[in-house]
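Enquirer: Each chain is listed here by its residues.
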Amino acid sequence: MREFLSTARSRLRRAAGRDAGSDGDAERADGDGDSALATDGGTAEAGADVAPAGGTDGLLDRLDDRFGEDFTESAPFWLPPFLLVGLFVYGAIAWNFVISLTEYKGFVGPDYSDLDLDMYVRAVGDSAVIDATVNTFVLVVAFTIVALVIGMLLAILVDQKIRFENTFRTIYLLPMSLSFVVTAQFWLWMYNFNNGVVNIALGAFGIGPVDWIGNPQIVLWAVVFALVWQFSGYTMVVYLAGLRAIPTEHYEAAKVDGASTAKMYWRVIVPQLKGSTISAAIVLMVFALKAFDFLYSLVSGYRPPNGADILATKMVREAYSTNNWAYASAIAIVLFLMALSIIGPYLYYEYDKGNL
Amino acid sequence: MTDTNTTRRDVLKGAGGLGAAGLTGLAGCTGGGGGEGGGSVEVLHGWTGGDGETAADALTEAFNEEYPDTGLDMNPIGGGGNENLDAVVANRLQNDDPPSTFANWPGPNLARYEGVLGDVSDLWEEAGFTDSHVQEAVDLHQYDGTFRAVPLGSHRLNCLFYNTSVVEEAGVDPDSLDSVSALVDALETVSTETDAVPMTHGASGTWTTTQLFGVTLLGTAGYDGYMNFVEGSPSRDDVQAAFESLATIFESYINDDAASIGLTESNQNIIDGNAAFIHQGNWAAGAYRNAEDFEYESDWGFKAFPGTEGMYTLHFDSFLFPANNPTPENTRTWLEFVGGEAAQVAFNQYKGSIPTRTDVDMSEFGPFLQETAEDFADADRRPPNIQHGLGITADQRSSLNDVISGEFSGPYDVEAATDGFVDAVSS
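Going line by line, the protein sequences match chains S and C. The opening position of the first sequence corresponds to residue 1 in this note's numbering, with each subsequent residue numbered one higher. The opening position of the second sequence corresponds to residue 1 in this note's numbering, with each subsequent residue numbered one higher.
Calculated from the structure, these hints are not laboratory results. Don't take each hint at face value.
[To be verified] With a straight-line Cα cutoff of 16 Å, these simulated EDC-like cross-link-like pairs (lysine to aspartate or glutamate) come out: (1) S/Lys105 with S/Asp116; (2) S/Lys105 with S/Asp118; (3) S/Lys274 with S/Glu350; (4) S/Lys105 with C/Asp122; (5) S/Lys105 with C/Glu114; (6) S/Lys263 with S/Glu252.
Chain S extracted, bound-state conformation (with noise of 0.2 Å):
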C-alpha cells in the first residue's frame, strides 16, 4: 500500500511537471493521482476511527466494526442487488451444478434423491468432450495471444502521428462493430473453396486452393483468424489508451542512451503495457468462450463443422438436440470452471494490486 502510494504520488508530480503539449493528459493524471490519495488516506482514517469505538454493544454496530463503518446503512443500497444477483447467477450456478449430479433426461423432472458425479465421469470418458475441450483451449489461448500481437502492432504504428490517425482507428475498430452472426457469414462465403476472395487470393501466388472448413486440421485456425480479424481492432484501443499514457521523456530517454526503435519499444514501451495486455487478454478470452454465436451461424445449427466443435456447442446440443439436461450440465459447469480459471487469478492480481 504504502508503495502504490509513493508511486502514485510520483506519478502525480510527474504528470505536473511535464510541459507536454497536451494539458487534457496531465489534468487527468492530476485526477487519477488525487483521487488515489484520497481512497487511501480516507480508508486508513477510516479504519483508526473505528478501532477505538469498537467494544460498542448491539449487532448494528458490531457488524459496522466488522465489515466498515457504513456497512448497515449502505444496505438497502447495495442489499437488493447483492440478492437478485445472488439468486439469478449464483444461485442459477449452484442449481446447474446439482442437476449436473442427477440423471435428469427427457421432461420428467429430475431425481434430487440420487446425486452422484456419474456425469462427470461420463464426460471424462467422452472422446467428444476432450475434443471439445482441447478445441476450446487452443481456441482462447491461440485467439488472445495472436490478437494481442496483431492489436499491439497495429496500436505502435497508428501511434505514430501518422496522417489520417482516426480513419485508420476506425477502420481497424470496425469490425468488431459487427455481431458475431454477421462476421460468420462473411467469413463463410470468403471461405469457399471455390469462389472465396481467400482462395482467389491465395490462388494469386499459386498457393491452395484451401479447405478451410472441410478440412478438421484447418477449421479451428481459420475460426481463429475471422475472430481475430474481428477482435484486434479492440486490442488495438486499449494499446493505444495505455500508450498514449506512457509520457514521452521515456521515448525520448530511450532515444538519448542510444536506443534503437525496436530495442526502444521491446524494452521501455511494451513493458509499460502489461496493465493494457491483461486487460485486453481477459475481454478477449471471455470473447472466445462465447465463440458459440459464431459457430452457430457459421453452420446454422448446434454442429460446428468436424474439428471446431467446443464445449458451449458441444453443451447446447446434448441440451437441445437429445434433452440430456443433466450431461449438458456437467459439461456447463466444466465451460465455468474453464472462465474460472481465468478470471479467478486476473481478480486475484486486482486484489493484490490493490484495486479491487
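Using the hints provided, position chain C relative to the given structure of chain S.
Expert: Same frame as chain S, now just chain C:
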C-alpha cells in the same frame, strides 16, 4: 479531502440506488407474462420462410374459414432447421407451460417427449382418421399404443433430382438408373462428358449426409436390409457397402465446396445448371418451382433414388398433443382440422408435400405433386426415414450425426463410420 470523500460516496449511493431500482424492476417483469387462458389454440411451428410461410398462411386461412369462432394463435419460430423451434418447445415443456400443440415428427421421435404427451386416441376414432389415413401414418402416430399426434402432410425422401439439360449433354438417361452402381457409372459419365459437378451436396450440416446414407442403404441393401438397420439389428456388411458407395461418390463426384455450403446453395447448383444430380427430400422442388424459367420435365426432372423404385421413403409433418394442455378442447378442434381434407389440401399444395389421407382430390396440386401422390398410393413399401424422426429415436439420430461429423465429413473413413453406425442403432 472530505469533499472528495463525500462525492465518491454520493456516486456510490447513486449507483447502488439505480442498480437496486433497475433490478427490482426486472424482477417485477418476470412475474408477469404467460397465462393467456382465453382459449386460443397456440400453435408452434417452424415454417417461417418461402414455401413454408405461404403454406402456413394458407393453413391459418382455411382454419379461420372453417372454425370462425375458435381463436388461433400461430406462433412461427424459424431458424436452424427446426432447432430453434425444438429448443423453445423443450423449454416450455420443461417449465410446465406447454403450447396447445407444436409441429414435429412422429414415430420413435416421440420417445424424446415421453411423459409429456397427451392421448388423442378418441379423436382418431371419432374423426375416422384410422381409416382415412395410410396405415403407416396410423402406426407411426402412436407411442406405447396411444395416439399422440395428427399428421398434416408427407414429404418424399428417396428422391433424385436432376437438371435435364446437363444429363442430356452428358448422354445419361436418368430413368434407366436402377441401382446405386448404375448411378455411380452415370456420375462418371457426367464428369467425363461435361464440366458440371456430377452430384451436388451441401454438407455444412451433417443431416444431408445422414439422409443420403439412408437412401443409399435402401438402394443397396433393399427394403429388408434397411428395415433391419432401422429396427436395431443391422447387417454390418450392408452398412459397409452403403458407406463404400457413398465414399466413392464423395471422393470423386461432388462439388469441392460441399463442406462450406448448405442445402440452399447446393440446390442452386441444379437450378444454375452447374450440377447434374442432387439427392434431397422433395422439399427441394419448392426452390425449382420458385425459380424463373425452370419448369418440371423440360428443365428439371425427378427419379426415385436408384435402387428404391417402387418405394416411398416416408416423412411426416405432424402436430403433437402435449398433456396438461392449456386449451384441450380447442386443440382437439385444431387437430381434427389438421387431419382433414381442407387443411391437407390448403397446406400441402404450397409446402410441396402431399396429404397423408388417401381420399383427397389432388386436382389443385401441380403435376409433380400429383405424380408423387400416385407413387405414394401405389408404393409397394413405405419405409420410415432415419434423419427425420420416423425410423429411429432422437438419441440414435444424434449419435449417427456425431459419427458423420467425426468420421465421414472428409477424409471418409468407411470402417470407422460403419462401426459407429452399427453401434449407434444396435439394440
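Enquirer: Which earlier hints can't be squared with this structure?
Expert: When the structure is compared with the hints, only number 4 turns out to be violated.
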